[in-house]
Structure formats: structure tokens, C-alpha cells
Amino acid sequence: MAYISLKSVNKKFSTRRSEIYALKNINMDFNKGEFVSLVGPSGCGKSTIIRLLDDILKPTSGEITVDGFAYNNSESIPKNMIKKMGFIFQVPNLYPWLTIRENVMLPLKVYKMKGPEYDKYAEELLDYVGLAAYGDSYPSEISGGMQQRIGVIRGMIHKPEIFMMDEPFGALDEDTRENMNLELLEIWKKTHMTVIFITHNIEEAVLMSQRIYVMSSHPGMVKSELTIDFSGRERNLDLISDRKFAEYCTDIESMIGTLRLDEIK
Amino acid sequence: MRKTKNNFVNFINAVYPPVLLILFLFILWQTVCEVKNIQVWMLAKPSDIFSKFVENTKDILPHIGITYTNILIGLALAIIIGLLIAVITCSFPVLGSALTPITVSLCCIPMVTLVPTLMLIFGVGRSVKLITIVIQAFPIVTMNAATGFLNADPAHIELMQSLKADKFQQFKYCLIMDALPDIFTGMKLSSIMAMMGGITAEMTGGNQGLGSRISFYIGFSKTPEALSCIIYIAFLGAVLYSIISLIEKKAVRQ
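Protein chains in written order, with my numbering: chain A, 1 to 265; chain B, 1001 to 1254.
No lab work stands behind these hints, which were simulated from the structure alone.
Honestly, I wouldn't trust all of these hints.
Which stretches of chain B does chain A cover? Using the computed rule of at least three CB atoms under 8 Å from a CB of chain A, they are [to be verified]:
| no. | segment |
| --- | --- |
| 1 | 1031-1045 |
| 2 | 1169-1179 |
What follows is a list of derived Cβ distance ranges for each label pair [what the hints assert, rightly or not]:
| no. | chain 1 | residue 1 | chain 2 | residue 2 | range |
| --- | --- | --- | --- | --- | --- |
| 3 | A | 116 | B | 1125 | 32 to 42 Å |
| 4 | B | 1125 | A | 78 | 50 to 60 Å |
| 5 | B | 1158 | A | 141 | 50 to 60 Å |
| 6 | B | 1108 | A | 70 | 19 to 29 Å |
| 7 | A | 141 | B | 1005 | 18 to 28 Å |
| 8 | B | 1243 | A | 116 | 34 to 44 Å |
| 9 | A | 96 | B | 1030 | 12 to 22 Å |
Only a predicted model underlies this, so the values are computations on that prediction, with no experimental measurement involved.
For every residue, glycine included, the Cβ atom is placed at its ideal position computed from N, Cα and C.
Model the full structure from these sequences, guided by the hints.
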């Protein structure tokens, strides 16, 4: 059985006038150590999926299993499960009243994890993203790209096994985004985390993922599933000039394009 | 060295405009009184007020002590009670909706109308003064703090939820810090309310405190003496407000 699995998961949001299916009959599997991206037009429920996995939202129906643990729809998942997960937001979402270092270490405080080894790990991570000199600065004193890097390492300070990212680099300029992609790949190779990556940017998804789920909106459903295979070539920016890379991108692009057309009709 | 000098310059820049304006107004006041030859019991000249201020200090000193301690204790109680009620209001919605109309109406009631009743129940001693101050000052803390808690940044709260922080942790790491600017606004306003409540209670009954002195002097048409007492009240009010503002500058980083 897969490491993470969603079986016939539905999520309904009720508004005063109507009921909206954010997710309809979602079946997904994620293997341990895999890098999987979710792409699709806005409103397809990509963000909702990881919010279900992170137990921020509860599904209307369906089964979710993570590492052998079956989610219960009426109870929140236990602490030892949530500690396996790291969650990265669309925006850095740093607390302005904490220093950069305090922000990075905030999850440890909530999880009551203390000790010199974590202090050391925080410094290592800060150093890794090139911000070791800014530990005592405040978020308002650093740039947006730097803030998002901090957001990313905050999500992994407690050494999670599952790393869920909700369009983490959407607000960054193209250069910074590429750098962050490469940094993320390095981190992934080093830590062997299972990564679930949500993005609007198809190149980004193809460059990094082993598998991509393409989703449609209204209601959010899985349209297709692609395995991205560069026959063992290392993932780096050289791939972008590869013919196969372009093929994957056009494939997905046309898939999403038809989805958009359907919607207009 | 350079930095301390800059601080000094900043201080002077902040202080001279109000000082100059107050001086100008006093001179205007003095001139109008002199030229129009206004009776001293009607409107005292600033010079009369200051001479009485110096002359009276010794007699007034114990009253200043009483008023100042009452207001400080009352304000401290009001802030604690106000914050507690705000936390309860936001943690238990049902209790919150039950309490809100009461706190709001307490905010609107002029204390002059309530103090005589309170004095019938509690006498004219210190306790009634403290009760008046607390009733006058705590609702504004509650209203502002509650606004702060409810307006906390949803993204900040979502981070706590993604970490599965319990209610207390959410409060400690996120809500209270997000609400801090509003809490300080509430405390600054409540320092003003505490001044008004304290003086109102003293003017209404009893023979202790600056308020009672003011009523006494006004009763004998001793306008300069009455007005000289007001200087002490204005002074404490300004000091309290500045102290809270100063703490706010140190504590709030947004």
C-alpha cells in the first residue's frame, strides 16, 4: 500500500446559496520519498488536498491514510503524525514580531522539541539558504525572496518526512524562482522527504517532479496522471533545453487548455 | 556618542512644539483677562493660578497622594479585568455575546450619573473610588482587546493550525501578539477614562483627593485654587499616557 493514499475523497463547501464540490472522487497515491506535483487551473482544489492531508480541513467523505494511519473524520490527527509533516504556504507568513531565527524555530516551540541539536540544525538550514547573517534580523528587514526561503526552512526545522508546498514560489520573480527550485531539489535529494508540490508553473512541475497529477476544476477532479521520466538524468536547468522536457510541458499545457475551454463552454 | 546626540535632538524636536503652543495660549489667556479686566472668581489669570499652585502645594500634597494612588491601582485593576473579559469574550462565543452589550453600555454611561448610587451602597471611602475607576476604565480595554483578537491575521492563525497548536499555544504565540497594537490603544484610552472616573468620584462625595478639593474651592468661588488642582490631574494623565505609549513603542513590532 502506498505511503500516502486518498480513496474516493470528497470535499463539499456549503455557502448560504449553494453547495460547491471542491473535490469530487479523488483517488491519489504518493510513495515514500517521491516528488509529486499537482497542477491545474485555479479552483481545482489542489490546495484543499494538502489541507486535508495536513488536517487543517476535514473531508466530507472518503478515506485518507498516511504511513498506515487512517484519518478519522471527527478527531484531529495525533501529534506524532502531525510532526511528520511540514507545510509551506503561498506567502512566507512569517510573524513580524519574531526574529528570523525565532520564526524558523517556532514549530519546535509548538511541538515542545528542545535541545542543542535543533539549535544547530536551525543554523545549518539558515546557512544552507545563505541567510546565516540574518538570524537576528526581523522579517520586515529582508526581501520577499529571502522571506520565502525562511518560510521553506521553517517548514522543515522539525525534520518532517512529508513536505507539502502550496505554490511556494508563486510570488517570486523568475530568477529567484529558478534558484529556489534548485535549492529545493538539493534539499529533497539530501533529506529523502516525500514532497507534494502545488504549482501554477508547468515548467517548474516538470523540472522537479517524478509524477504529476493534472486536475480539473468545478468540481475538482483528477484529470490525468503523468510519470515524468528523463531516463535517470540529473534534474537541473540543463533539462529545460531537452526535447522531452518541452513535450511534457506542451502535453500538460494543452490538457489544462482544453479544461479551460470546457469551462468557458 | 553620535547616537546619543541624535536622540537628544529628536527629543528637543518632539518637545518644543507643544511647549511653545501652551506658552502662547497662556499668554493669550493672561492678556485677555488683563485687557477685559475679568473678575478673578469668574476666570482666573494664569499668573494667579501659578501663584496659588506654588502656595497651595503643601496643603494639597496628601490629596495628590490619595488621588494618584487611587488612579494607579484602579487603572491596573481595570486593565487586568478588561483583558480577562476580552479573553473570555473571544474564547467562549456564547458568553461573549452575553457580555458584549453590557461592556458597550458601560462605556457609554456617564459616571456622574452612577456614582451617587454607588456611594449609597459602598459609602464614600476608597473602595467606591476604585470601583468607579474600574467601571469607567475596563470596558474600553475589553472592546479594543477583543477587536484585536478577532482581527488577528487569518494567515498567522493558519500557520498555528498547520502546526496543530492547542488553544493556549495559539493565544500565546499568535493571537496576543497580533492584538497587541489594539490592546495598547485600549490601555491608553483607559488611562484617560481612569482619570475621569477617579476625579468624578472624588468630586461627588467624600473630602479626600484632588476632586474633593476642586469641589470645595469652587464652592467658595476660589477659582485660582480650583484651577491649580487641575494642573496636577492633567500632569498625571499626560504621564500615564506617555508611559503606556513608550512601552508600546518597545513592545510592538509590526
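Check: Going through the earlier hints one by one, which of them does the structure break, listed in rising order?
Finding: Those not satisfied are hints 1, 3, 5, 6 and 9.
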